[in-house]
Structure formats: structure tokens, C-alpha cells
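Student: Letter by letter, the chains look like this.
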Amino acid sequence: MTAAAEDILGTAAAWKAEGRGVALATVTLTWGSSPRPVGSQLVVDQDGNMMGSVSGGCIEGAVVKEAVEAIGDGKPRLLDFGVTDEQAWDVGLACGGKVQVFVERVG
Amino acid sequence: MKLETLKAVQAARDSRRAIVLAKRIADGAEALVYADRVDGELAQADVVAAARAALASGRSETVDTSAGKVFLHAFVPPPRMIVVGAVHIAQALVPMAAMTGYDVIVVDPRRAFAADYRFPNVTVLQEWPDEAMERLKPDASTAVVTLTHDPKLDDPALQVALTSDAFYVGSLGSRRTHEKRKARLLDAGITEAQFGRIHGPVGLDIGARSPAEIAISILAEIIRTRTAQTEPAERKVKAA
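Residue numbers (the numbering used here), protein chains in the order written: chain A, 1 to 107; chain X, 1001 to 1240.
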């Protein structure tokens, strides 16, 4: 493995080792045109710092907010985003696709 | 996700083993499914069977099981790129390939070229290409690119690459160089069909001139070759 490749799990482990609270968000389902494939991941710390992506930047803001809450309460969450969804329209999933994201605390 | 689960996934990746992380959506219960064993609480027979299928296909998906909705996250070893010739173009190609997700190995027996400081964070083998290639055994997820221009170094590497399952073989050089290369390799016992696998002149024709531009054209050609093989249906739809 090279350090140049984007290493989300490596970042999660490193942040955890620094004593930060860490959560992982993973794309678990997609419908239609979605920018990132199933399995794509975003790592988030308790302050909202993030690496990786689960969309083209459309839903990361909302996912980070949920991830920070998951770090706090330890409960996993399943988030749905799509054009038929009021909230997704707000956060602007402009591609017209739908995506489901699983968020959980690490450790 | 448990920290030990995360570390086990990293360990599998570092040793280039495929692994599937099965995770119940409802509560995050998990199991790590290897080709030969299962670790974790989510070890129902139908979950493991579905995970083994994902292990074979390399595709992540959400499935319905006797344990409820389970996300199968397939982690497959990244593709490899073997770059023969630690030359100026390689210095541009190697970091771009690493950024694209390739495990990159640079091979060059010449000490001045194969210096680690020229290629941070990747494996540099200061060895003869035929010996290194025999040991690395290019497989169906390996690309091989020769960049030395020197028949002493390029030809032995190509002889191994052309008789391997490498999904891409590219060789730097003009059309004339390529014709001469053909004569030499056919003399050495490579068949016309095997020689025909070489992408030469290497890279997509984008009018590349500088080392970085040539590196982009090579990497683009490698990406196109790989997606045409791994996602033929999707590629066809896009082309239409």
C-alpha cells in the first residue's frame, strides 16, 4: 500500500490512535445515477473533520452531522437521500439519484 | 465498527487477501468472512454463503438474510502496476498511479535511477527486470509498463509480461523502435499474437509531450483497458 492512495480506514485508525472520536459512513445502496459506488466511505471525527466521500459533495454536510451524533451516542444510523426526499432536496442531491448511507462509530 | 475489525481489514489489504465485512444494518453486528474462515458474531450460514459470493465477485451489496438486512462490504486487493525503468516519466506516472489506487512497483537495476528518494512511498526494486518479473508474477489485475528504451532492460521484462495474464502491457518507444522490438522479440520466441498485446506506442494519443503528459496518457489507457474488462456492460451503455 502506498501512502499516496487515499486510505480511509488507515485515516480512521490513525485518528482513533490520536484519541479522537471517529465514525465511518459507508454507501450501502444506490439507485439511478449516483456519483460514488456502493462501498465508498467517509471518515469523520468528533469535530466534523472528514476524509473521503459518499457523494459528489452533495450530502457530506448532512452525513457529517449525523456522524458526529453517532460518535456521541454510539448508535448506528441508516440515512436515505434522494430527490423524492424533502431533506435530500434541501441538501441538494442534484444528480437525480438516490443513495443510502450507513453511519457508525468506530471502537 | 469495532477497532479490531478495522485493523483486520487493513491487515488483509496489506497482505493482498480479499475479505468481506458482513454488517447487520439494524445494529451494526458484524463478521469478517475470509476464503477459509469466519470471525465474528454474524455467522449465520446464509450470511456466510452470500459473503462468499461477494468475495468471489468483489462486489459490495446489501442483502436480505435470516439475520435481517446485511451489508456485504467486499475489500479486494488493489490492482498492481509494475513500472520497468525508473526514468523521468516514471516519476510522474508512479505517484499518479498510486493516487488512482494502484499498488506500484518500480523495477530498475541502475542505482542512479532506482533511488528511493526519487520514488517516495512505493516499492523500488533495484533488480534485473526478468528476475523481478518472474518473482512478481503479473496476474489478471496487474499492468506492466516498460519505459527504459533499452532493449537489455525492456525486452526481458516484456517476455515475462507477454506470457503472463497481465491485463495491460505497454512499452514506450516510437513506431520505428516498436518495429525493431517486434523483430527482436519474435526472434526470442514471442508469437505475433503475444506481441500484439503490447500497447505501443504507449498511451492514448492526446499529443502528450512532457513526462507528466505522457504519464497521463499511459494511465488513461490503463484505466480504459481495465474498465473495459471489469465493467463491460456499463461501458457499453456509456458508449452508446
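Do not rely on the hints blindly, as some may be mistaken.
Just some of the chain X residues that point at chain A, by a computed CB distance under 10 Å [to be verified]: (1) L1006; (2) S1060; (3) L1186.
The set of hints was computed from the structure by calculation and includes no laboratory data. Just so you know, even glycine gets a beta-carbon here, dropped at the ideal spot from N, CA and C.
Student: Each hint needs a verdict: does it hold in this structure or not?
Tutor: Hints versus structure:
1. L1006: With a minimum Cβ separation of about 6 Å from chain A (threshold 10 Å), the hint on L1006 (chain X) holds.
2. S1060: The hint holds - S1060 (chain X) has a Cβ within 10 Å of chain A, the shortest such distance being about 4 Å.
3. L1186: 36 Å, violated
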